[in-house]
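Use the sequences and the hints to build the structure in full.
In case you want the letters, here they are:
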Amino acid sequence: MNGPHDMGGMQGMGPIPIEPDEPVFHSEWEAKVFAMSFATFCNFFPVDETRHASERMPPGDYLNSAYYERWLYALELLLTEHNLVTPAEIEHRIAELAQGE
Amino acid sequence: MAHTHRPESEIALRVKAIESLLVEKGIVDPATLDTIIEAYEHQIGPHNGARIVAKAWVDADYKQRLLADGTSAIAELGLTGFSSEHMVVVENTPQVHNLIVCTLCSCYPWAILGLPPTWYKSFAYRSRAVIEPRKVLQEFGLAIPDEVEIRVWDSNADLRYLVLPERPQDTEDLSEAALAGLVTRNAMIGTAKVQPPAPPSTLAA
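Protein chains in written order, with the numbering used here: chain A, 8 to 108; chain B, 108 to 312.
For the record, the hints were derived by calculation from the structure and aren't laboratory data. Keep in mind that a hint or two might mislead.
[To be verified] Reference excerpt, derived from the structure (chain A facing chain B, CB under 10 Å, subset only):
id : residue
1  : P30
2  : V31
3  : H33
4  : S34
5  : F45
6  : A46
7  : N50
8  : F51
9  : R63
10 : P65
11 : L70
12 : N71
13 : L86
14 : E88
15 : L91
16 : L104
Note that the structure is a prediction, hence the values are computed from the model and not measured. Here a beta-carbon is modelled for each residue, glycine too, at the ideal position from N, C-alpha and C.
Here it is as structure tokens:
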């Protein structure tokens, strides 16, 4: 697949963002996205399919997203493509949770 | 440091919604999620790779096996794991410095080094490591002399790399465990060298 993920040799990406004493996860949502992806690619879809799913992210979004945002995109895409969850269910649950907050 | 393009609160809410649906449908078990997070936060990390490096430093036969067939030699120590099934180990010498990247994704030997740091996953590192490795290494404070060859290894989904760094001088008296304590994550990716231990205070006085 020829997309923005194939970035070896590209220029203009700026300095390397080195963060001293970096935690494994920067927030609870990052940890949860990792764990849900890990659990589903062990049981429902192989890790290669997950990687391919993140490469299907629209190029503009890919280049404008953080690492675990791309994982979240892949997770959602595969959950819906495999009919485990529908996009409507996700939106409905978001609205419910937002109301409860 | 996440540099998300949507507000973090919006993403967190979305993740919470998906989690609650997956739990409700029995697709994931909350205890399993906690176990996965706990394992990668506290159990799986660079100390595994450091054990491999220290053993190679003290055991010449092991080092030979490690460089000839990294996958098998790592399995000898029981350190084979998810995302590290096929491993190639590359040795730093006074003539050659090795650097590891994954330009396509962020492939990394999870079972050996834990999850990769943000810089390894960054677009800047993925794009630049293969075209200007010396400049990239300078940003890590590592100046590689011009006469030293730099070899950059591009990982992929099926094959991952580990750098065997040079053993620092004056460490002949150190135990294998003490040597392992000197080995850092960045040294095993190639963005640092292993530093010798701090001199004893009696000598420093």
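A quick look at each hint next to the structure:
no. : hint : in the structure
1   : P30  : holds, 8 Å
2   : V31  : holds, 5 Å
3   : H33  : holds, 5 Å
4   : S34  : holds, 7 Å
5   : F45  : holds, 5 Å
6   : A46  : holds, 5 Å
7   : N50  : holds, 8 Å
8   : F51  : holds, 7 Å
9   : R63  : violated, 13 Å
10  : P65  : violated, 12 Å
11  : L70  : holds, 7 Å
12  : N71  : holds, 4 Å
13  : L86  : holds, 7 Å
14  : E88  : violated, 14 Å
15  : L91  : holds, 6 Å
16  : L104 : holds, 6 Å
Of the numbered hints given earlier, the model fails hints 9, 10, 14; all others are met.
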